[in-house]
Amino acid sequence: MLFPYLLRRMRRRKKMCIIVGLASLMAGILVYGFHLGVVSMTDQIENVLDNSEVTCAVTNLTGTQVDGLMLPDWASNLFRETTAESVHIPTTSFLDYVDNIKMKFSMEADCLNCNVNVFGVTSIFADRSISLQEQSIEWFSGFDDSVFESDANACIISDDLYSLFQQSGNSKLELTVKARDNNNLTSTIPLDVAGILHGKSASVYCPWETASKVCLDLNKNLSVDCISATIIDNRKIEEFKEKCANIYFAEVDPRGVPQPWEASPIYESYPFALEIYDKTMNETIATLKSGMLIFNICQIVIVILTLCMGFIVATLSIRHRQRELALQNVLGCSKLNIFSEIFTEYVAVSFTCLAIGVAALALISKVSPPWFYIAAVSAAGCLGTVAGALPLILNKDILLMTKTE
Amino acid sequence: MEILLNNICFEYRNKYRRVEAVKSVSCRFEAGKMYAIMGASGSGKTTLLSIIAGLRLPSSGEITVDGIPMSTADRCKLRREKISVIYQDFNLFPLLTVIENTAYPLLIRKINKTEAENTAKEKLASVGITDDMLVQLPRMLSGGEQQRVAIARSLASGSKIILADEPTGSLDSENGKNIVDILKRLAHKEDCCVIIVTHDPSVAEEADVVMKMRDGNLK
Ligand SMILES: Nc1ncnc2c1ncn2[C@@H]1O[C@H](COP(=O)(O)OP(=O)(O)O)[C@@H](O)[C@H]1O
Ligand SMILES: [Mg+2]
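Those sequence lines, one after another, are chains W and Z.
Residue numbering for the first sequence follows the working numbering, starting at 1 and increasing by one per position.
Residue numbering for the second sequence follows the working numbering, starting at 1 and increasing by one per position.
Same shape as in the complex, but just chain W (with noise of 0.2 angstroms):
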């Protein structure tokens, strides 16, 4: 018998193994409670990623989204499929990390004896200006939004075009565009109407590819008015900034001031920005970060607390039993078998309701237990009984029989 009646003489420590413990039991539930506050707030910032919609949009340099900015056409090629044509081929296409991108540019035609603003579109909404509780898209039969994303001979008008295009009787409405520094140059186009925007006016919106045709053959380029897209994978949002974004773009300058931007392979004197939209995912992701943090930090805490714990424990538990210590070096036992008992007592009481605290919390969340820091408090435990105990043990007088009380 190693440690002769051990449990039957523990029976004088009943205080001491009582706090010893219910400590333990609430050491491992409370940390395994805020390993289940960790988990539940990895599994939010998971679902924010994957829910949160984050859009992009080509600005100014203040950030601005504005119409008018007149972008170069080698911007909306890096939104597009590369054309082999295209000088500016990307390192790694923009369409790798976007989709659902808009596109708008506009151009100056006659139709039906009235000026009238055309606008390209890869999407009604590409255009700001719109929005459904101000204006509403009567759509013809057999027409939707897609028909953007074609490059068929059709048309959505205001409401005061249609009127003026009932009353020619025409099929088709024949619009014709202007180059924009030379107004003798005129290309014409029939278009099928395909539906009616309500609450604007000589307007006439066509899809992208076959606008953007006309405007390429009458001026040789195409200013865009502005660009935007969803992110496809919040995740990769870094990763877009460094291989595509900041390759192509300039950071968002809060002056404003436009810089000569030697980095810029395409574009000298005057950078845009392509501003990315995540501030609102990344400030929540924050505050649930912080979150887990002051989790993290309880759980340091507590495996402190263990630690002296066990220290306050060992060094009480030493003085209390002094005698009895005494005793047993008197009977002979050494140094070694006295700790070896004490810290034997400790680690038994301790890591049997350490045990029963994580086993309930395991059954009951049936969330994994949380190893590291369970490992942790064990071992602070058993460093502080260690720490408390064996300077005491080894003290000369300690293990001396003292005089009556």
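These are calculated hints, taken from the structure and not from any lab test.
For every residue, glycine included, the Cβ atom is placed at its ideal position computed from N, Cα and C.
Mixed in with the good hints there might be a few duds.
Said to hold, decoys possible - Here are the simulated distance ranges between beta carbons:
1) Z/69 - W/15: 42 to 48 angstroms
2) Z/20 - W/335: 26 to 32 angstroms
3) W/18 - Z/57: 35 to 41 angstroms
4) W/6 - Z/69: 31 to 37 angstroms
5) W/296 - Z/158: 20 to 26 angstroms
6) W/296 - Z/69: 55 to 61 angstroms
7) W/293 - Z/59: 54 to 60 angstroms
Let chain W serve as the given structure and place chain Z with the ligands on it in line with the hints.
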């Protein structure tokens, strides 16, 4: 079996003072005799006894047990097998029964439990502890009975050197005499070396050799 003390000195040293509790003590203790060490309180008796028990090492001088120097011996083993100490009180584990207390020294020597308890029972009977007391806790026993259990434990462990520090100090004279008689019997019949520290002259009378201790000197 003999204990030799050669110029033993012991000094307590702490922040406030230095006390020379034992000053150059030389003497010899042998088996089969009962020794009494007398002296006023504070004269260094307990200190000397702790040195003989191997609980303290002398500041200078040498002590040998059967020719083996105490300083190099395994002192724990010595106390497990050869030397027992009986104090005035708190000799027994409060939550162990009489028989468990008696068997304890055998159990720490890894002797099997039944064997240990049989030995314990036998030795308890030899000091007059009745069977109905075996499973009682020390606090249910009288002071004299507790001292007898402590003596039985020394016997069970097989010690031939029995050191008693005022074993009768908290007993009435009748019980005290009873204890001294048992110790005397051990010295004479069992060939033990018994050293009793006391300041009771009636106890000293029973001893074969009486030594006087004064201010750390033994005469
Ligand atoms: N642990 C100690 N630290 C310092 N001095 C001590 C200690 N124990 C005893 N002394 C001193 O040593 C001297 C001898 O003490 P002790 O051996 O207990 O005497 P006795 O047992 O004869 O009464 C006394 O003066 C006492 O004050
Ligand atoms: Mg004394």
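Cβ separation of residue 296 of chain W and residue 158 of chain Z, checked against the hinted range 20 to 26 angstroms: violated (59 angstroms)
Given the hint of 42 to 48 angstroms, check if residue 69 of chain Z and residue 15 of chain W actually sit that far apart at their C-beta atoms. holds (44 angstroms)
Residue 6 of chain W and residue 69 of chain Z, beta-carbon distance inside 31 to 37 angstroms? holds (34 angstroms)
Look at the Cβ atoms of residue 20 of chain Z and residue 335 of chain W and judge whether their distance stays inside 26 to 32 angstroms. With a Cβ separation near 27 angstroms, residue 20 of chain Z and residue 335 of chain W satisfy 26 to 32 angstroms, so the hint holds.
Honestly, do residue 296 of chain W and residue 69 of chain Z meet the 55 to 61 angstroms range at C-beta? 58 angstroms Cβ-Cβ, so the 55 to 61 angstroms window holds.
Just tell me: holds or violated, for the beta carbon distance of residue 18 of chain W and residue 57 of chain Z against 35 to 41 angstroms? holds (40 angstroms)
Could you tell me whether the CB distance from residue 293 of chain W to residue 59 of chain Z stays inside 54 to 60 angstroms? Holds: the Cβ-Cβ distance is about 58 angstroms, inside 54 to 60 angstroms.
Of the numbered hints listed earlier, the single one contradicted by the structure is hint 5.
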